[in-house]
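Undergrad: Sequence:
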Amino acid sequence: MAILYKYSMLSDNRVITSLESSCCFLATLFPKVFCTSILTWSLYVLLFVIPDYVHSWALSTVISITGIVLYALCIFTYYRIIVIGPGSPLDYEELKINNVSRISENPYDTDPAELPPDFLVLHTMKVNGTQGFRYCTKCSVWKPDRCHHCSSSGKCILKMDHYCPWFSTCIGFFNYKFFLQFLCYIAIYCIFLFSICAVIIYQFLVNGLFEDQFISLNLVFLLVLSFAFSLAVSVFALFLIYLCGNNLTTIEFQERRWNGRGSNEGDSRFNYEFDASGKQKKLANIFDLGFRENLKLVLGPNVWTWILPIDINKKSILCEYRNGINFKVDEETYAKYLHNAELQNQLNQQLRSYKDRIRREREANVIDV
Numbered sequence: 001m002a003i004l005y006k007y008s009m010l011s012d013n014r015v016i017t018s019l020e021s022s023c024c025f026l027a028t029l030f031p032k033v034f035c036t037s038i039l040t041w042s043l044y045v046l047l048f049v050i051p052d053y054v055h056s057w058a059l060s061t062v063i064s065i066t067g068i069v070l071y072a073l074c075i076f077t078y079y080r081i082i083v084i085g086p087g088s089p090l091d092y093e094e095l096k097i098n099n100v101s102r103i104s105e106n107p108y109d110t111d112p113a114e115l116p117p118d119f120l121v122l123h124t125m126k127v128n129g130t131q132g133f134r135y136c137t138k139c140s141v142w143k144p145d146r147c148h149h150c151s152s153s154g155k156c157i158l159k160m161d162h163y164c165p166w167f168s169t170c171i172g173f174f175n176y177k178f179f180l181q182f183l184c185y186i187a188i189y190c191i192f193l194f195s196i197c198a199v200i201i202y203q204f205l206v207n208g209l210f211e212d213q214f215i216s217l218n219l220v221f222l223l224v225l226s227f228a229f230s231l232a233v234s235v236f237a238l239f240l241i242y243l244c245g246n247n248l249t250t251i252e253f254q255e256r257r258w259n260g261r262g263s264n265e266g267d268s269r270f271n272y273e274f275d276a277s278g279k280q281k282k283l284a285n286i287f288d289l290g291f292r293e294n295l296k297l298v299l300g301p302n303v304w305t306w307i308l309p310i311d312i313n314k315k316s317i318l319c320e321y322r323n324g325i326n327f328k329v330d331e332e333t334y335a336k337y338l339h340n341a342e343l344q345n346q347l348n349q350q351l352r353s354y355k356d357r358i359r360r361e362r363e364a365n366v367i368d369v
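Just so we're aligned, residue 1 is where the sequence shown starts under full-length UniProt numbering, counting upward by one.
Derived from the structure by calculation, the hints contain no laboratory data.
Everything numeric in this text was worked out from a predicted model, so none of it was measured.
Glycine included, every Cβ here is placed at the ideal spot set by N, Cα and C.
There's no promise every hint is true.
Claimed, not checked - Mimicking SDA-like on lysine to any residue, the simulated pairs with C-alpha atoms at most 20 Å apart in a straight line are:
| id | residue 1 | residue 2 |
| --- | --- | --- |
| 1 | 336 | 348 |
| 2 | 296 | 243 |
| 3 | 355 | 365 |
As the list claims (entries may be wrong) - Pair ranges (Cβ atoms, derived):
| id | residue 1 | residue 2 | range |
| --- | --- | --- | --- |
| 4 | 165 | 213 | 39 to 45 Å |
| 5 | 304 | 245 | 27 to 33 Å |
| 6 | 66 | 216 | 19 to 25 Å |
Please build the complete structure, drawing on both the sequences and the hints.
TA: Here's what the structure looks like:
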């Protein structure tokens with residue numbers, strides 16, 4: 001009986017696990033099917049419905065070709081984001097930790113086998129307070145700058161921006177460029193569709209054609225959807241361009257705004273300086289190299305990489321600033337952080353000396369008594 005009961009429990013667990021896997025698969029499949037269906041339907045309307053309302057063959061051809069190009073860019077970039085993925089420290093063998101529990105128990109262990117790799121030590125700007133270099137106990141990896149653990153993906157993400165349910169994946173270092181381009185493509189495509197539908201419906205109403213003709217509901221639905229998506233996506237795209245131009249991720253922007261501290265400046269004790277009047281002032285983003293240079297870091301060095309969905313990053317330790325591990329920093333801001341760190345160290349030494357002097361005086365008074 002005991003054996004049969006145990007077998008029954010195992011079977012039930014397998015069924016539950018199978019159901020969970022199926023639900024997760026359907027949940028990740030739905031946004032892909034939905035987005036692909038909406039885009040494909042819009043192309044259908046553009047190619048087979050709109051030409052009936054455009055009396056110029058040349059204009060209809062231009063509209064169709066333009067629509068096909070924009071549709072292809074949107075679809076290609078959408079799946080490019082999913083296939084490439086955001087990138088993770090797990091992709092690099094050099095960042096994996098053999099015994100993460102040992103580091104957790106003794107963060108000051110100097111065993112070379114438990115130390116971060118040299119390239120991470122040389123380039124890391126952020127540390128975990130007084131505990132040294134950041135690491136993830138769930139993934140058993142060292143965490144480079146701007147890396148965060150995503151609970152939805154279940155792993156650490158390089159230069160994590162956010163988790164996007166429309167793609168069922170995270171937006172991070174390696175697919176951030178394509179995500180920005182996708183938003184721009186979608187915004188342009190929706191504005192293009194809205195403009196065409198608006199002109200056709202306007203002429204249909206002004207010319208009084210509604211008195212003896214019916215207009216396709218596909219046009220009306222496309223007008224409404226393209227207007228809503230063009231407005232929402234355009235605002236989001238402009239916001240993302242702003243973040244990109246300031247070399248901030250969405251997470252870093254939120255932390256700077258809500259917590260009054262950045263996610264990339266390391267210890268918050270060094271995040272401030274004082275002006276000539278003695279007023280405290282927050283230091284700039286250490287990764288901010290200027291608007292144009294920041295865009296070039298994400299989109300690439302020339303106009304073709306800006307316009308077309310061309311990959312410019314590589315998952316290689318040797319590719320210094322294109323691997324999601326190392327990032328260029330503003331030297332002037334970096335010097336200010338070093339200066340603040342030196343001042344903090346001097347202050348700590350003075351406080352330590354003061355405490356030692358007070359302790360010695362108290363001990364001397366006790367002896368005299």
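Undergrad: Please go over all the hints and tell whether each is borne out by the structure.
TA: Tested hints:
1. 336 - 348: holds, 18 Å
2. 296 - 243: holds, 13 Å
3. 355 - 365: Given pair residue 355, residue 365 holds - Cα atoms ~15 Å apart, limit 20 Å.
4. 165 - 213: 39 to 45 Å: Distance hint for residue 165, residue 213 holds at roughly 41 Å.
5. 304 - 245: 27 to 33 Å: violated, 20 Å
6. 66 - 216: 19 to 25 Å: The hint (19 to 25 Å, Cβ to Cβ) holds, given that residue 66 and residue 216 are roughly 20 Å apart.
Checked against the numbered hints listed earlier, the structure breaks hint 5 alone; every other hint is satisfied.
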